[in-house]
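Peer 1: This is what each chain is made of:
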Amino acid sequence: MNLDIFLQQLVNGASLGSMYALIAIGYTMVYGVLRLINFAHGDIMMVGAFLTFFGTSAGFPFELAVLLGIIGSAIIGILTDKIAYKPLRDAPKISLLITAIGISFFLENLFTVLFGSTPKAFKAPEYLTKIFHVGNIYLPISVIIIPTVTLAILAIVLWILYKTKYGMAIRALAFDIQTVKLMGIDADRIIMIVFIIGSALAAIGGVFYAVSYPSIDPLMGIIVGLKAFAAAVLGGIGSVGGAVVGGFILGFTEIFVVAMFPELGGYKDAFAFFFLILVLLFRPTGIMGQDLERGRF
Amino acid sequence: MKKLTSIVAATALLGGLVYAKEVKIGVVLPLTGNIAAFGQTSKGGLDIAYAQNNKLSNGDTVKLVVVDDRGDKVEAATAVKRLLDKDKVSVILGEVASSNSMAMAPVAEKAKTPMITHASTNPRVTKDKKYVTRACFIDPFQGAVMAKYALDSGLKTAVVVTDAKQDYSVGLSKAFKKAYEAAGGKIVKTILINSGDKDFNAQVAALKQANPAIVAFTGYYPEAALMVKQARDMGVKTPFIGADGVGFPELVKIGGKAAEGFMYTDHFNEAAASSPEAKAYVEAFHKKYNKPADSMGALAADGYGMILQAMNNCIKAGKASDDKECINTNLRGTKGYKGITGVITINANGDAVKSAVVNAVKDGKFTYKTTVNP
Chain A
1 MNLDIFLQQL VNGASLGSMY ALIAIGYTMV YGVLRLINFA HGDIMMVGAF LTFFGTSAGF
61 PFELAVLLGI IGSAIIGILT DKIAYKPLRD APKISLLITA IGISFFLENL FTVLFGSTPK
121 AFKAPEYLTK IFHVGNIYLP ISVIIIPTVT LAILAIVLWI LYKTKYGMAI RALAFDIQTV
181 KLMGIDADRI IMIVFIIGSA LAAIGGVFYA VSYPSIDPLM GIIVGLKAFA AAVLGGIGSV
241 GGAVVGGFIL GFTEIFVVAM FPELGGYKDA FAFFFLILVL LFRPTGIMGQ DLERGRF
Chain B
1001 MKKLTSIVAA TALLGGLVYA KEVKIGVVLP LTGNIAAFGQ TSKGGLDIAY AQNNKLSNGD
1061 TVKLVVVDDR GDKVEAATAV KRLLDKDKVS VILGEVASSN SMAMAPVAEK AKTPMITHAS
1121 TNPRVTKDKK YVTRACFIDP FQGAVMAKYA LDSGLKTAVV VTDAKQDYSV GLSKAFKKAY
1181 EAAGGKIVKT ILINSGDKDF NAQVAALKQA NPAIVAFTGY YPEAALMVKQ ARDMGVKTPF
1241 IGADGVGFPE LVKIGGKAAE GFMYTDHFNE AAASSPEAKA YVEAFHKKYN KPADSMGALA
1301 ADGYGMILQA MNNCIKAGKA SDDKECINTN LRGTKGYKGI TGVITINANG DAVKSAVVNA
1361 VKDGKFTYKT TVNP
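If you read the sequences in order, they're chains A and B. Residue numbers 1 to 297, in our numbering, belong to the letters of the first sequence in order. Residue numbers 1001 to 1374, in our numbering, belong to the letters of the second sequence in order.
The hints are simulated quantities; they were obtained by calculation from the structure and are not laboratory data. As the structure is a computational prediction, the values presented were derived from the model and not from experiment. Each residue gets a CB set at the ideal place from its N, CA and C atoms; glycine is no exception. Each hint should be verified, as a subset may be incorrect.
[What the hints assert, rightly or not] Per the computed footprint, the stretches of chain B lying under chain A, defined by three or more beta-carbons under 8 Å from a beta-carbon of chain A, are: (1) 1187-1195; (2) 1232-1245.
[As the list claims (entries may be wrong)] Below, a list of computed lysine-lysine pairs in the PhoX-like style, where the Cα atoms sit at most 25 Å apart: (3) B/K1021 to B/K1316; (4) B/K1335 to B/K1316; (5) B/K1291 to A/K123; (6) B/K1063 to B/K1316; (7) A/K123 to B/K1257; (8) B/K1129 to B/K1335; (9) B/K1081 to B/K1024; (10) B/K1362 to A/K123; (11) A/K130 to B/K1362; (12) A/K130 to B/K1253; (13) A/K123 to B/K1253; (14) B/K1086 to B/K1110; (15) B/K1063 to B/K1112; (16) A/K130 to B/K1257; (17) B/K1316 to B/K1088; (18) B/K1365 to A/K123; (19) B/K1237 to A/K130; (20) A/K123 to B/K1237; (21) B/K1127 to B/K1335.
[What the hints assert, rightly or not] Just a sample of chain B residues kept apart from chain A, beta carbon distances all over 12 Å, derived: (22) V1067; (23) E1075; (24) A1111; (25) K1112; (26) R1124; (27) D1128; (28) K1130; (29) K1288; (30) R1332.
Starting from the given sequences, assemble the full structure and let the hints guide the process.
Peer 2: Here it is as structure tokens:
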């Protein structure tokens, strides 16, 4: 591998990794608060991409369509929490997990029935799809924008968590829901905020994904969701910074495995998950995770 | 009792139509799921062929029982079981994807029911099967056509891109390699992808490094569209050639400008339709759908036409129109059937021997380049 190709792959890895990171943040926050692995999260990302697609198809400017996609996904996130998860707050965790899988199937099949499963061509504006040449390296502008936005979002999320009252409540909730309720904090409202943040980030991730790979279908969230989940676990589930680190690591691993062994490209998912297992063998709580029972973001 | 029999006989004599039988054809297609486009287009062509002709020579009516398998192997096999046990069909038509047809074939074989797949091109579909036939050519031929066309165009080094998850792609790659190397071409690299993948940047970088004269892409259209787009974005100008799995409108819709020049072998192009049967079909297709006739639909129509011919031959031979053994013998014995996709003859393996066309994307449309004979 020469230097050009190496740099090219580095950029590709950063771009892929930041999309995983955006989605992993939502996984990790919901887990931190509810101890729930929200398997419907990948599908929320799909919903975000589809809503944006409908927005642009209806003739809205791209930015407005993205905003609608984010708001729509946040609403769907709130609805899943209110309809499916809230009634099970005091039920065993396993019931909650099964419900999340159910919601995931529901969203996938609902979109298949309504809009068909043929992949749709996602139209992104010119300024997001432009390509630069730097020497022999081809830089789609998106590979610069996506990691930048991801890091900016990470900064905002950390600011919310550590500098605002809501953030304090979210962190408190992660320690002990019962005690927080006794302190007079409306736990359901805080959980709703967590779902809003998570779903909005998933929608942004979905839009980025669709900009990078302009073909969207109702099942697109499955594998990306799984990868993001792996990223969250790798980074240490419950830790926002860890989710981002995990996302980047996973993105780089995936790209470099294929780059170095193109014959094995078909098995890149296997490599990504093998790497996850390897890390967990030595650090069962993930790279930045601490006590599993006391998520701390 | 005697009286009853004579009444029945009299009624039967009065008019074949009144007492004509209904013969059922079971159709298994992926009408939903991630290869729904194949199923939907197949169904479109089948509907036209059915509307044109749904009566047998003795007045029996043909009925289609269509089942959706969502593109899933297990569902496909279950669908055949259901069609046999519940609907009591005499023949099975389907599937598109080779993986699914291979799941269906043993079920049909066990029940000694003839099955014809209109579009599964993997050789293993009919291998060692007595009751399975197909209306399309097989991958070794398709791979050979790709190799021949590439070499004839002076493109002597190739990178092969295989979708590791699809039997279709694995078989096609093997056939391409064999024919290409036998005729003096050189394979410089083999790259694996997975259907469902969206990111091919790493593979494209490897491709760029190998710098071949042509890329032989043997997978399906969703991956083809994204991969060619990412290749063009990275400045790779190498031409792509694929097979019948890429010739779908989504290739152009998703690939956009990057799909320009993408070549592929196919079963049918309406520009090459010359026989009266083909012309009548194309005309009916335009009238009903107001778009160019696709190859999946034409193949489904041919599969259906071959079944009808086999049934009519049975009637001619004095057998019942739903005699499974007789239908199968006649299907396997098809010779010189003038179909929409060309003249079809079934060989000893149950595979169709027929010509292929090469198409290419030009100005966002699939244009006919040439016909290659077996």
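Peer 1: Against each hint, give a clear statement of whether it holds in the structure.
Peer 2: Cross-check of the supplied hints:
For the region 1187-1195 of chain B, the stated coverage by chain A holds: 6 residues have a C-beta nearer than 8 Å to a C-beta of that chain, and at least 3 were required. Remark: the region 1232-1245 of chain B is confirmed as covered by chain A, as 3 of its residues place a Cβ nearer than 8 Å to a Cβ of that chain, reaching the required three. A threshold of 25 Å between alpha carbons decides the hint, and for B/K1021 with B/K1316 the separation of about 16 Å falls inside it, so the pair holds. Using a Cα cut-off of 25 Å, the hinted pair B/K1335 and B/K1316 holds, with the two alpha carbons roughly 16 Å apart.
In summary, the hint linking B/K1291 to A/K123 is supported, as the alpha carbons are separated by about 23 Å, within the 25 Å threshold. Distance hint between B/K1063 and B/K1316 is fulfilled; the C-alpha atoms sit about 20 Å from each other, no more than 25 Å. The straight-line distance between the Cα atoms of A/K123 and B/K1257 is roughly 13 Å, inside the 25 Å bound, and the hint therefore holds. Between the alpha carbons of B/K1129 and B/K1335 the distance comes to roughly 19 Å, so the proposed pair stays at or under 25 Å and holds.
This hinted pair checks out: B/K1081 and B/K1024 have alpha carbons roughly 14 Å apart, not beyond 25 Å. Simply put, B/K1362 and A/K123 have alpha-carbon atoms about 21 Å apart, close enough for the 25 Å limit, and the pair holds. This hinted pair checks out: A/K130 and B/K1362 have alpha carbons roughly 23 Å apart, not beyond 25 Å. Using a Cα cut-off of 25 Å, the hinted pair A/K130 and B/K1253 holds, with the two alpha carbons roughly 18 Å apart.
Using a Cα cut-off of 25 Å, the hinted pair A/K123 and B/K1253 holds, with the two alpha carbons roughly 10 Å apart. At most 25 Å may separate the alpha-carbon atoms for a hinted pair to count; B/K1086 and B/K1110 meet this at roughly 16 Å. Pair hint B/K1063 plus B/K1112 holds up; C-alpha atoms about 20 Å apart against a cutoff of 25 Å. Using a Cα cut-off of 25 Å, the hinted pair A/K130 and B/K1257 holds, with the two alpha carbons roughly 14 Å apart.
In summary, the hint linking B/K1316 to B/K1088 is supported, as the alpha carbons are separated by about 23 Å, within the 25 Å threshold. Distance hint between B/K1365 and A/K123 is fulfilled; the C-alpha atoms sit about 19 Å from each other, no more than 25 Å. Restraint check for B/K1237 and A/K130: satisfied, since their Cα atoms lie roughly 17 Å apart, inside the 25 Å limit. Among the hinted pairs, A/K123 with B/K1237 is consistent with the structure: their alpha-carbon atoms are about 23 Å apart, no more than 25 Å.
Taken as a hint, the B/K1127 and B/K1335 pair is honoured in the structure, with Cα atoms around 20 Å apart against an allowance of 25 Å. Remark: the non-interface label on B/V1067 is consistent with the geometry, its nearest Cβ contact in chain A lying 17 Å away (cut-off 12 Å). The Cβ of B/E1075 sits about 14 Å from the closest Cβ of chain A, beyond the 12 Å cut-off, so the non-interface label holds. Every Cβ of chain A is farther than 12 Å from the Cβ of B/A1111; the closest lies at roughly 30 Å, confirming the non-interface assignment.
With a cut of 12 Å on Cβ distances, B/K1112 stays outside the contact zone with chain A, its closest approach being about 34 Å. The claim that B/R1124 lies off the interface holds: its Cβ sits roughly 20 Å from the closest Cβ of chain A, which is beyond the 12 Å cut-off. Chain A leaves B/D1128 outside its interface by the beta-carbon criterion, the shortest separation being 28 Å against a cut-off of 12 Å. Non-interface status of B/K1130 relative to chain A is upheld: no Cβ of that chain comes within 12 Å, the nearest being about 34 Å off.
For B/K1288, the non-interface assignment is confirmed: its Cβ lies about 20 Å from the closest Cβ of chain A, beyond the 12 Å cut-off. Every CB of chain A lies more than 12 Å from the CB of B/R1332, the least distance being 35 Å, so the non-interface label holds.
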